[in-house]
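Peer 1: Those protein sequence lines, which keep their order, are chains A and B.
Under my numbering, read the first sequence as residues 80 to 282, first letter to last.
Under my numbering, read the second sequence as residues 80 to 282, first letter to last.
Some clues are possibly wrong.
Just so you know, same-sequence chains aren't split out, so a pair can sit in one copy or run between any two.
Under the rule of at most 25 Å between Cα atoms (straight-line distance), these lysine to any residue pairs were calculated in the SDA-like manner [unchecked claim]:
hint : residue 1 : residue 2
1    : K101      : D158
2    : K101      : S138
3    : K118      : E227
4    : K199      : A87
5    : K230      : D137
6    : K230      : P127
7    : K230      : S85
8    : K101      : K169
9    : K101      : L167
10   : K101      : R231
I should point out that these hints are in silico values taken from the structure, not numbers from a laboratory.
Everything numeric in this text was worked out from a predicted model, so none of it was measured.
Number of protein chains: 2
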Amino acid sequence: MKLYDSRAAPNPRRVRIFLAEKGISLPTEPVDLARLEQKDPAFTAINPLQRIPVLELDSGEILSESVAICRYFEELQPDPPLFGRGGLEKARVEMWQRRAELEFFFPIALAFRHSHPAMKEMENPQIGELVEPNRTRAINFARFLDSELAKRSYLAGDAFSIADITAMVAADFARPARIVFPDDLPHFARWRAAVAARPSASA
Amino acid sequence: MKLYDSRAAPNPRRVRIFLAEKGISLPTEPVDLARLEQKDPAFTAINPLQRIPVLELDSGEILSESVAICRYFEELQPDPPLFGRGGLEKARVEMWQRRAELEFFFPIALAFRHSHPAMKEMENPQIGELVEPNRTRAINFARFLDSELAKRSYLAGDAFSIADITAMVAADFARPARIVFPDDLPHFARWRAAVAARPSASA
Chain A
80 MKLYDSRAAP NPRRVRIFLA EKGISLPTEP VDLARLEQKD PAFTAINPLQ
130 RIPVLELDSG EILSESVAIC RYFEELQPDP PLFGRGGLEK ARVEMWQRRA
180 ELEFFFPIAL AFRHSHPAMK EMENPQIGEL VEPNRTRAIN FARFLDSELA
230 KRSYLAGDAF SIADITAMVA ADFARPARIV FPDDLPHFAR WRAAVAARPS
280 ASA
Chain B
80 MKLYDSRAAP NPRRVRIFLA EKGISLPTEP VDLARLEQKD PAFTAINPLQ
130 RIPVLELDSG EILSESVAIC RYFEELQPDP PLFGRGGLEK ARVEMWQRRA
180 ELEFFFPIAL AFRHSHPAMK EMENPQIGEL VEPNRTRAIN FARFLDSELA
230 KRSYLAGDAF SIADITAMVA ADFARPARIV FPDDLPHFAR WRAAVAARPS
280 ASA
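Chain A extracted, bound-state conformation:
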């Protein structure tokens, strides 16, 4: 098995943190996004959608999509459970994973892609009108998270889950997107410190 990876992008980090939480280590192969290596014919043959991360299985089969790769390892090694245990908990984790992705990770990624000079070639044309509304959406979601995290330790309950991974990677990615979270969000701040202190955070 081999993971096509990049230190320069948030999605592969989601998978690296997930694997670190599971205690799984894997050979990786770097894909140089600065060189647009993901658009080279060699990589396009691996993932026609030209995105990373990609997991290559020993059979040669390819799995793309961060959450699908994580799901594969969850099934392979259920402990510790990062997608929840039992029907209701699994549904809660899925709901919060998706909320974190759709309302936090994606707006932050859009603000980054449409504002950062390094993205000029990859996001062509950059649409300036997308930047401020998406920054605002991300900040609104941080405020919503703050109110929810007043009630429990982590996004989906009292156990750390893949929803926290999505949200922590997004929150860290807010810096290059030049999004500054308000400082009156004590529960959000407590949660950020807690997830940042986990050994997996440096994966």
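Using the hints provided, position chain B relative to the given structure of chain A.
Peer 2: Showing chain B alone in chain A's frame:
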């Protein structure tokens, strides 16, 4: 249990098709999107993110996010499996569900929201620059699906799955987004006819 629903939006249709495939029927409560009822205080108290569908459990707990609601019913009633069976199949379904969503459903929804006169108030401001690139992305993905569907019956394998539901709802939603799929995609056309012929398609 009760499902907050609308006939006018594609996301609730994903859940209705899923439930029809499982043979589950559920009381529903309509939310009038034309009246922006999802933004009313009463509905905002149910889902602060102001989106439908929402499942209200007998305990009063709320589950939002179409895929999370579907996951809940998959766990409650595993047959027929619509998220795959076994680790590898589950990962494949998740990969194709996400590809269908990110590369097909979302671009089609963006093209619709930023072009349709009925969306002027909800998507304010509409950004015209988003329309054509997203139409093109959707068409490119239909072409990619055609090449994949040359190899198997359904998106994620030889069994119908939630990935097909996402893709069929997206393909139908292409019409109000004024996206016309090319007519040289025989496998895509065969798949569309097959999913449209299922009784669940009218759900």
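Peer 1: Can you list which hints this structure breaks, lowest number first?
Peer 2: Hint 7 contradicted; others consistent.
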